[in-house]
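Modelling step: build the complete structure from the supplied sequences, incorporating the hints.
Order-wise, the sequence lines are chains Y and L.
Numbering (the working numbering) for the first sequence: 1 to 419.
Numbering (the working numbering) for the second sequence: 1 to 479.
There's no promise every hint is true.
To be verified - Some, not all, of what chain Y presents toward chain L, calculated at C-beta under 8 Å:
1) Gln118
2) Pro119
3) Leu149
4) Gln159
5) Ile166
6) Asp322
7) Gly323
8) Ser324
9) Glu327
10) Asn369
Unchecked claim - Once the Cα atoms are required to be at most 27 Å apart in a straight line, the calculated BS3-like pairs of lysine-lysine come out as:
11) Y:Lys181 / L:Lys472
12) Y:Lys155 / L:Lys307
13) L:Lys56 / L:Lys194
14) Y:Lys155 / L:Lys317
15) L:Lys194 / L:Lys442
16) Y:Lys395 / L:Lys357
17) L:Lys286 / Y:Lys155
18) L:Lys442 / L:Lys472
19) Y:Lys395 / Y:Lys234
20) L:Lys194 / L:Lys317
21) L:Lys317 / L:Lys286
22) Y:Lys395 / L:Lys442
23) L:Lys357 / Y:Lys354
24) L:Lys194 / L:Lys263
25) L:Lys317 / L:Lys307
26) L:Lys56 / L:Lys472
What the hints assert, rightly or not - Have a look at the derived ranges for each label pair, beta carbon to beta carbon:
27) Y:Phe254 / L:Gly264: 49 to 55 Å
28) Y:Arg194 / L:Lys317: 46 to 52 Å
29) Y:Gly160 / L:Gly178: 51 to 57 Å
30) Y:Ala73 / L:Glu270: 56 to 62 Å
31) L:Thr46 / Y:Phe254: 56 to 62 Å
32) L:His449 / Y:Arg85: 52 to 58 Å
33) L:Gly178 / Y:Ser162: 42 to 48 Å
34) L:Leu218 / Y:Phe254: 30 to 36 Å
35) L:Gly112 / Y:Ser191: 43 to 49 Å
Honestly, the hints are just simulated from the structure, not real lab data.
From a predicted model like this one, the values you see are computed outputs, not experimental measurements.
For every residue, glycine included, the Cβ atom is placed at its ideal position computed from N, Cα and C.
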Amino acid sequence: MGQNTFTIVTRINPGDLDALDRLLSEIGQEVEKNERIRFVDIASLHMAGIVIAAQDARFAPILIFESNFDGNADEYLHELVSRGRAGIDAIYSKCEGYPAEAARTDAAVVAYLREHGQPAAAFFVGLPGQTVASIRNAIAVREEINRFLDAESEKNSIQGMSAVAIRDRIVAHLEHDSPVKPEIPPNTFSSYRRIAQRNTIVAAVAALVVGVILFPLIAIWILAVRWREVHEQKIVPQPDPPVDAHTYAMEDLFIQNHLATIGVVKDNPVRRFSIRTAVALTGILFQRILLRGGFGGVFTLHFAHVVWLDEGRRILLLTGYDGSALEYLGNFTDTAGYYLNGAYGNVNNYPACKWIIGRGAASANGFANWARQHMQHTPVFYSAYPDETVLNLMKDLDIRDHLSAATSESEVARLLQLL
Amino acid sequence: MSAAPVPTLDFHDIQGVVLNGYGHLNYSRFVLLKIIDVQSAKRWLTHIANEISSAKRRRGEDELPGAQNNIAFTRSGLEKLGLPRDTVAAFPREFQMGIAAPERSRRLGDLGVCAPKSWQFGGPNTSEIDLLVMLYARDEAILDRSAVNTLGASLAANGVEEIFRQDSIRHSANEPFGFRDGISQPAIEGAAQKVLPGQSVIKAGEFLLGHVDEYGDLVPVPAVSRELDPDRVLLPDPAQATRASFGHNGSFLVFRKLAQDVKGFQGFVERATRNADGSNNPDRAKLLSAKMIGRWPSGAPLTLAPKKDNPEIGSNKYRNNDFGFAATDHDGFACPVGSHIRRANPRDALAFPPDPKLSLNIANRHRIIRRGRPYREASSASGDDVEQGLLFLAINASLVRQFEFIQQSWLNNPKFNGLYDERDPLSSAIAGDDAMMTIQAKPVRERLHGLPRFVTVRGGAYFFLPSIRALKFLAQIRS
Numbered sequence: 001m002g003q004n005t006f007t008i009v010t011r012i013n014p015g016d017l018d019a020l021d022r023l024l025s026e027i028g029q030e031v032e033k034n035e036r037i038r039f040v041d042i043a044s045l046h047m048a049g050i051v052i053a054a055q056d057a058r059f060a061p062i063l064i065f066e067s068n069f070d071g072n073a074d075e076y077l078h079e080l081v082s083r084g085r086a087g088i089d090a091i092y093s094k095c096e097g098y099p100a101e102a103a104r105t106d107a108a109v110v111a112y113l114r115e116h117g118q119p120a121a122a123f124f125v126g127l128p129g130q131t132v133a134s135i136r137n138a139i140a141v142r143e144e145i146n147r148f149l150d151a152e153s154e155k156n157s158i159q160g161m162s163a164v165a166i167r168d169r170i171v172a173h174l175e176h177d178s179p180v181k182p183e184i185p186p187n188t189f190s191s192y193r194r195i196a197q198r199n200t201i202v203a204a205v206a207a208l209v210v211g212v213i214l215f216p217l218i219a220i221w222i223l224a225v226r227w228r229e230v231h232e233q234k235i236v237p238q239p240d241p242p243v244d245a246h247t248y249a250m251e252d253l254f255i256q257n258h259l260a261t262i263g264v265v266k267d268n269p270v271r272r273f274s275i276r277t278a279v280a281l282t283g284i285l286f287q288r289i290l291l292r293g294g295f296g297g298v299f300t301l302h303f304a305h306v307v308w309l310d311e312g313r314r315i316l317l318l319t320g321y322d323g324s325a326l327e328y329l330g331n332f333t334d335t336a337g338y339y340l341n342g343a344y345g346n347v348n349n350y351p352a353c354k355w356i357i358g359r360g361a362a363s364a365n366g367f368a369n370w371a372r373q374h375m376q377h378t379p380v381f382y383s384a385y386p387d388e389t390v391l392n393l394m395k396d397l398d399i400r401d402h403l404s405a406a407t408s409e410s411e412v413a414r415l416l417q418l419l
Numbered sequence: 001m002s003a004a005p006v007p008t009l010d011f012h013d014i015q016g017v018v019l020n021g022y023g024h025l026n027y028s029r030f031v032l033l034k035i036i037d038v039q040s041a042k043r044w045l046t047h048i049a050n051e052i053s054s055a056k057r058r059r060g061e062d063e064l065p066g067a068q069n070n071i072a073f074t075r076s077g078l079e080k081l082g083l084p085r086d087t088v089a090a091f092p093r094e095f096q097m098g099i100a101a102p103e104r105s106r107r108l109g110d111l112g113v114c115a116p117k118s119w120q121f122g123g124p125n126t127s128e129i130d131l132l133v134m135l136y137a138r139d140e141a142i143l144d145r146s147a148v149n150t151l152g153a154s155l156a157a158n159g160v161e162e163i164f165r166q167d168s169i170r171h172s173a174n175e176p177f178g179f180r181d182g183i184s185q186p187a188i189e190g191a192a193q194k195v196l197p198g199q200s201v202i203k204a205g206e207f208l209l210g211h212v213d214e215y216g217d218l219v220p221v222p223a224v225s226r227e228l229d230p231d232r233v234l235l236p237d238p239a240q241a242t243r244a245s246f247g248h249n250g251s252f253l254v255f256r257k258l259a260q261d262v263k264g265f266q267g268f269v270e271r272a273t274r275n276a277d278g279s280n281n282p283d284r285a286k287l288l289s290a291k292m293i294g295r296w297p298s299g300a301p302l303t304l305a306p307k308k309d310n311p312e313i314g315s316n317k318y319r320n321n322d323f324g325f326a327a328t329d330h331d332g333f334a335c336p337v338g339s340h341i342r343r344a345n346p347r348d349a350l351a352f353p354p355d356p357k358l359s360l361n362i363a364n365r366h367r368i369i370r371r372g373r374p375y376r377e378a379s380s381a382s383g384d385d386v387e388q389g390l391l392f393l394a395i396n397a398s399l400v401r402q403f404e405f406i407q408q409s410w411l412n413n414p415k416f417n418g419l420y421d422e423r424d425p426l427s428s429a430i431a432g433d434d435a436m437m438t439i440q441a442k443p444v445r446e447r448l449h450g451l452p453r454f455v456t457v458r459g460g461a462y463f464f465l466p467s468i469r470a471l472k473f474l475a476q477i478r479s
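Right, dumping it as structure tokens:
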């Protein structure tokens with residue numbers, strides 16, 4: 001069972017913006033305890049965020065409800081409505097087109113949410129194939145192993161033992177004494193390495209073939225974009241442009257955080273074609289090749305996806321990431337800007353790119369300023385495992401899935417060193 | 001084609017403390033002032049502007065001076081002296097907010113007992129700070145003379161009021177916990193300084209405004225209208241012909257008073273390393289404290305001296321900083337991943353990207369120049385109970401990307417470099433948590449539980465350290 005994403009985009013009723021913000025802030029205040037939407041009771045839900053996008057006066061204020069979950073969207077929506085009908089009613093009665101109270105059955109509510117769903121143009125999953133239950137089990141197994149080792153250390157009972165001998169003690173403990181049992185899924189996280197390798201070869205061959213066949217067209221496209229890069233009006237860098245105080249105050253609150261940005265696509269056919277192409281290619285990379293926890297130096301992303309707004313005039317990027325905003329944005333600047341530049345070089349006010357993928361996000365100040373000026377307010381953010389980073393979980397899955405089966409002293413030692 | 005030569009910095013325009021730690025001046029005084037009469041304060045600043053030390057006196061050029069003075073301003077200080085509102089607004093957000101703002105406290109970990117509300121200065125319950133005068137001298141008599149020369153006989157006559165003062169005497173190279181301090185400093189490109197083995201040469205724009213930084217960017221600096229500078233004291237703003245660059249060759253200074261619980265540190269280490277029969281084990285205690293710091297008391301890094309202290313390495317500036325973690329200690333078996341020095345500067349061993357060269361490049365985008373000085377004071381009437389600690393001074397061009405980043409993403413980050421739930425073992429324990437440190441070992445890690453907080457923040461402020469030109473402009477600016 002793979003992870004899925006569903007994003008509901010609705011217009012906020014004129015006059016209801018402030019009330020909606022208050023309501024969502026109340027829900028988000030202690031999101032795990034809130035009674036309006038019982039996110040914690042939705043077993044398939046990895047991560048959810050509710051975003052108010054109302055900063056750009058050229059566009060009507062919208063509400064964006066992002067969910068990342070196991071299984072299919074229909075099952076998830078029914079679960080969401082059954083666990084959070086009160087909250088859904090309170091929220092969406094402040095949005096356009098929500099069924100009148102008399103007609104507001106669960107089925108009608110699900111239909112409304114489905115009708116306002118926007119497909120993901122590109123969807124990245126940090127830990128592909130790993131269900132909420134599997135991830136929670138891996139966390140619990142690691143915690144249990146640590147408890148066991150701390151207790152054994154206290155008794156000096158593992159001093160001088162080999163890695164394999166210690167591992168055997170751990171396995172015996174998990175089998176006989178532990179309330180937590182490893183539940184290794186058929187599709188382990190490490191099995192995606194082989195899938196990624198195979199897909200990389202297929203993609204390279206396909207790219208070569210397509211590149212040769214379409215070489216003249218590709219060359220013309222690259223030159224057309226380069227011409228625009230050179231001749232478009234340059235953004236004058238600012239030391240520290242103003243940001244939305246409301247949004248800024250929500251930065252870096254937790255181990256995991258949420259970032260939603262909306263960019264306006266440059267009003268030019270070359271730019272529109274370029275961004276569509278770049279997002280489509282990125283979507284293929286995300287789904288087929290980047291299956292190993294991250295890309296470049298970015299190993300902090302749990303989920304990310306792109307949604308087109310206003311018939312492609314705007315691009316929405318929703319991400320759930322680890323650590324501080326500055327560190328997260330800095331990861332792109334330092335090592336992975338080219339993953340963004342191909343698409344975002346076609347967006348207004350983005351720092352200037354060179355030959356489509358160069359510079360852009362590599363300009364630390366320009367990129368951070370762009371992100372800060374285009375980020376949207378996320379009053380509600382939920383994670384099923386809020387205290388764990390992608391790096392933590394990659395290690396947890398490695399330990400749980402391989403510790404008992406490892407045979408050599410060196411492989412067992414490698415796994416124990418992850419603790 | 002050979003690379004373009006690096007232009008030498010204008011030493012006459014840069015305040016001395018940026019490029020020089022005044023290692024030969026062991027006596028220092030830090031005086032925090034509030035402006036109470038703007039015109040008098042301007043006259044005083046005009047008078048002392050020529051006394052403020054630039055970086056021009058450099059080793060080998062002149063005889064080392066017996067005293068050096070530097071000065072820095074908070075946002076309120078700049079405003080009171082009449083810097084135009086649009087220029088102040090062009091300063092970075094974090095400087096404008098000030099270090100005690102809740103948004104900054106959250107990022108810096110200044111919570112609980114370290115929260116600004118209980119600070120001795122710089123917090124919401126203490127007087128506003130406008131400027132900081134830093135006096136350095138060879139001995140106490142020179143320091144006192146320098147203080148009189150700079151501050152005058154009467155502060156009130158100079159239009160300022162003393163908010164806080166802290167003296168420092170440096171008796172050795174060691175900080176209060178007993179470890180050699182100030183070893184790992186970056187070298188600045190264009191500063192014409194000798195680069196030591198292991199020392200990274202960092203672009204001047206990381207420490208001085210108006211210069212290219214490690215990203216290759218020339219970040220815009222606060223500027224003023226040319227009309228406000230008829231005497232052309234300031235340099236032209238390269239980005240706007242009608243404006244003059246106020247920020248050029250300036251920098252940002254972090255000033256924090258950090259109390260260190262030396263007895264608590266020693267007691268914790270002693271208790272944690274006792275033998276089974278309850279007797280002390282001094283060797284294990286030394287090793288554990290070194291594991292927490294990442295260096296031995298002599299300054300020898302664990303990466304080069306993993307088993308026992310090596311004073312020969314520790315005291316040798318050509319050896320004590322000449323190491324990385326990636327090649328020989330990637331997994332932290334010698335110097336733990338969560339140790340203080342590894343968190344403060346992970347060098348070439350960031351978990352991602354797992355490329356030592358790239359990691360070092362990234363780490364070098366988050367460096368600070370440290371100019372800390374120890375302090376020691378009687379904290380009770382009897383004088384028996386002594387508080388000691390560090391006056392932490394850090395210089396950087398971006399408070400948020402350098403000082404705050406180190407504090408937030410490395411020192412305080414419970415998930416630093418793939419760790420699970422632990423913070424800097426010296427400074428970041430949060431009361432009520434089971435503060436913990438993992439000490440990587442073969443075949444399996446050890447974990448140190450119940451770490452108390454050993455460092456408490458007593459006060460702090462963010463300052464702008466203007467260039468000599470900007471200081472002269474500020475003193476004469478017409479409101």
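We went through each hint and held it up to the structure:
{"no.": "1", "hint": "Gln118", "in the structure": "violated (31 Å)"}
{"no.": "2", "hint": "Pro119", "in the structure": "violated (30 Å)"}
{"no.": "3", "hint": "Leu149", "in the structure": "holds (6 Å)"}
{"no.": "4", "hint": "Gln159", "in the structure": "violated (10 Å)"}
{"no.": "5", "hint": "Ile166", "in the structure": "holds (6 Å)"}
{"no.": "6", "hint": "Asp322", "in the structure": "holds (7 Å)"}
{"no.": "7", "hint": "Gly323", "in the structure": "holds (6 Å)"}
{"no.": "8", "hint": "Ser324", "in the structure": "holds (5 Å)"}
{"no.": "9", "hint": "Glu327", "in the structure": "holds (4 Å)"}
{"no.": "10", "hint": "Asn369", "in the structure": "violated (10 Å)"}
{"no.": "11", "hint": "Y:Lys181 / L:Lys472", "in the structure": "violated (71 Å)"}
{"no.": "12", "hint": "Y:Lys155 / L:Lys307", "in the structure": "holds (25 Å)"}
{"no.": "13", "hint": "L:Lys56 / L:Lys194", "in the structure": "holds (16 Å)"}
{"no.": "14", "hint": "Y:Lys155 / L:Lys317", "in the structure": "violated (43 Å)"}
{"no.": "15", "hint": "L:Lys194 / L:Lys442", "in the structure": "violated (39 Å)"}
{"no.": "16", "hint": "Y:Lys395 / L:Lys357", "in the structure": "holds (24 Å)"}
{"no.": "17", "hint": "L:Lys286 / Y:Lys155", "in the structure": "holds (23 Å)"}
{"no.": "18", "hint": "L:Lys442 / L:Lys472", "in the structure": "violated (60 Å)"}
{"no.": "19", "hint": "Y:Lys395 / Y:Lys234", "in the structure": "violated (44 Å)"}
{"no.": "20", "hint": "L:Lys194 / L:Lys317", "in the structure": "holds (12 Å)"}
{"no.": "21", "hint": "L:Lys317 / L:Lys286", "in the structure": "holds (22 Å)"}
{"no.": "22", "hint": "Y:Lys395 / L:Lys442", "in the structure": "holds (17 Å)"}
{"no.": "23", "hint": "L:Lys357 / Y:Lys354", "in the structure": "holds (24 Å)"}
{"no.": "24", "hint": "L:Lys194 / L:Lys263", "in the structure": "violated (38 Å)"}
{"no.": "25", "hint": "L:Lys317 / L:Lys307", "in the structure": "holds (20 Å)"}
{"no.": "26", "hint": "L:Lys56 / L:Lys472", "in the structure": "holds (17 Å)"}
{"no.": "27", "hint": "Y:Phe254 / L:Gly264: 49 to 55 Å", "in the structure": "violated (30 Å)"}
{"no.": "28", "hint": "Y:Arg194 / L:Lys317: 46 to 52 Å", "in the structure": "holds (50 Å)"}
{"no.": "29", "hint": "Y:Gly160 / L:Gly178: 51 to 57 Å", "in the structure": "violated (32 Å)"}
{"no.": "30", "hint": "Y:Ala73 / L:Glu270: 56 to 62 Å", "in the structure": "holds (59 Å)"}
{"no.": "31", "hint": "L:Thr46 / Y:Phe254: 56 to 62 Å", "in the structure": "violated (50 Å)"}
{"no.": "32", "hint": "L:His449 / Y:Arg85: 52 to 58 Å", "in the structure": "violated (45 Å)"}
{"no.": "33", "hint": "L:Gly178 / Y:Ser162: 42 to 48 Å", "in the structure": "violated (37 Å)"}
{"no.": "34", "hint": "L:Leu218 / Y:Phe254: 30 to 36 Å", "in the structure": "holds (35 Å)"}
{"no.": "35", "hint": "L:Gly112 / Y:Ser191: 43 to 49 Å", "in the structure": "holds (45 Å)"}
Of the numbered hints listed earlier, those contradicted by the structure are 1, 2, 4, 10, 11, 14, 15, 18, 19, 24, 27, 29, 31, 32, 33.
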